[in-house]
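Novice: Sequence:
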Amino acid sequence: MMDARATAQDNIAAPIPPTSEQLPSLAYRGYVLFILMLVGACAAIDRQILFVLVEPIRHEFGLSDKQIGLLTGIAFALTYVVVSIPMARLSDRSSRKLIIGAAIGFWSLMTALSGSVQSFVQLFLLRVGVGFGEAGAAAPSQALISDMFPPRQRATAMSLYLMGAPIGMALGLGAGGWALTHYGWRWALVLAGLPGLILCPLILLTVRNITKGLADGITRQFAQPDVLTTLKTLLRIRTLPFLLAGTTLQTVLVSGLVGWMPAFLERSHGLSPLVIGASLGGAMGTGSLIGHLLGGPLSDYLARRDARWPIWMAVVIVPVTATLALCAFIAPAQWFFPLI
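Per my numbering, the very first residue in the sequence shown carries number 26; after that it's consecutive.
Hints listed in this document are in silico derivations from the structure and should not be mistaken for laboratory results.
Think of the CB as a built atom: it goes at the ideal place given N, C-alpha and C, for glycine as much as any other residue.
Please note that a few of the clues may not be correct.
No farther apart than 20 Å at their CA atoms in a straight line, the calculated lysine to aspartate or glutamate pairs in the DMTMM-like style are these [claimed, not checked]:
{"id": "1", "residue 1": "K91", "residue 2": "E291"}
{"id": "2", "residue 1": "K257", "residue 2": "D241"}
{"id": "3", "residue 1": "K237", "residue 2": "E80"}
{"id": "4", "residue 1": "K237", "residue 2": "D172"}
{"id": "5", "residue 1": "K237", "residue 2": "D251"}
{"id": "6", "residue 1": "K257", "residue 2": "D117"}
Beta-carbon label-pair distances, calculated as ranges [as the list claims (entries may be wrong)]:
{"id": "7", "residue 1": "V341", "residue 2": "A52", "range": "38 to 46 Å"}
{"id": "8", "residue 1": "Y208", "residue 2": "A328", "range": "43 to 51 Å"}
{"id": "9", "residue 1": "L253", "residue 2": "P357", "range": "49 to 57 Å"}
{"id": "10", "residue 1": "Y56", "residue 2": "T255", "range": "46 to 54 Å"}
Full structure from sequences and hints, please.
Specialist: Shown next, in the form of structure tokens:
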């Protein structure tokens, strides 16, 4: 038993890195990375656009703030949490491009159909569908990037992929405010779903499956352990539960904050949806883009000096940004967007 386990570990620990000739061409990998960045942008658009549409939807259906919270939070987030791990495990066993293409097609259709709803329940169920679809794209996208880019290039590739989120955030809030002003909230949702419906066939027809583990030089296929065994293995890493708890709490707070910003600005400062969407999208998109471009490389640079630096960065950054957010909500309107 011990000899077999040692042999398996040796096979995993000492893979032969692939040569550049064994990997797809750099042009093709750049194309796939660009497409996946657009997938991330579409996900952010469909997730963020509802925030700027909160007030007109609330008035049309006579919704309470509790119901708005269910639409912008629970409907999406709870479904995403439940579905994401099964979809990630499915992507380890089957075609990643097929899962990504089906996921973006499904959630984009759910977003577009949201423009035709006639009740709170219908909109809630369609937002559940959006969460279901988006849960299927993130894990296979990151896995596909890991299969195409070797470790020395992977952090850069991943940071470029993650740039889709701030781009989509800016477009979702900015274009959402514009579409709301000119066409109403229903057409804003229809327009938000169109880019993903265009990307779906493009992914299925132009992206090809990459051998799993190719960029790491892994040629063997290993049996996937069951969920319980996988979770037990992960939880043996003593720091992981604390990291998960910290990032989960941070995500809950930030998502709740972002979800209510447009309503706060309209109710407390009397700003129009057009101004809110453009200003908030520009502020958050720019700040997040800068963070993605600088945070990863800075963390890698400092980690080469001391492996604890990435955690120290988070310990410093989180309370600083929380303080800036607090100042934004108690400051005059002209200071809100620069602080955010």
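Novice: Run every hint past the structure and note whether it holds.
Specialist: Hints and how they fare:
For the given pair, K91 sits about 18 Å from E291 by alpha-carbon distance, which is consistent with the 20 Å threshold. At roughly 25 Å between alpha-carbon atoms, K257 and D241 are farther apart than 20 Å, so this suggested pair is violated. A distance of roughly 46 Å separates the Cα atoms of K237 and E80; the hinted pair therefore is violated under the 20 Å criterion. With a CA separation close to 6 Å, the supplied pair K237 and D172 stays within the 20 Å bound.
In summary, the hint linking K237 to D251 is supported, as the alpha carbons are separated by about 19 Å, within the 20 Å threshold. Under the criterion of a C-alpha separation no larger than 20 Å, the hint pairing K257 with D117 is consistent with the structure, at around 19 Å. Distance hint for V341 and A52: a CB-CB separation of about 39 Å, consistent with the stated range 38 to 46 Å. The hinted range of 43 to 51 Å is satisfied by Y208 and A328, whose Cβ atoms lie roughly 48 Å apart.
About 54 Å separates the C-beta atoms of L253 and P357, a value consistent with the hinted range of 49 to 57 Å. For Y56 paired with T255, a C-beta distance near 33 Å fails the hint of 46 to 54 Å.
Of the numbered hints stated above, those contradicted by the structure are hints 2, 3 and 10, listed in ascending order.
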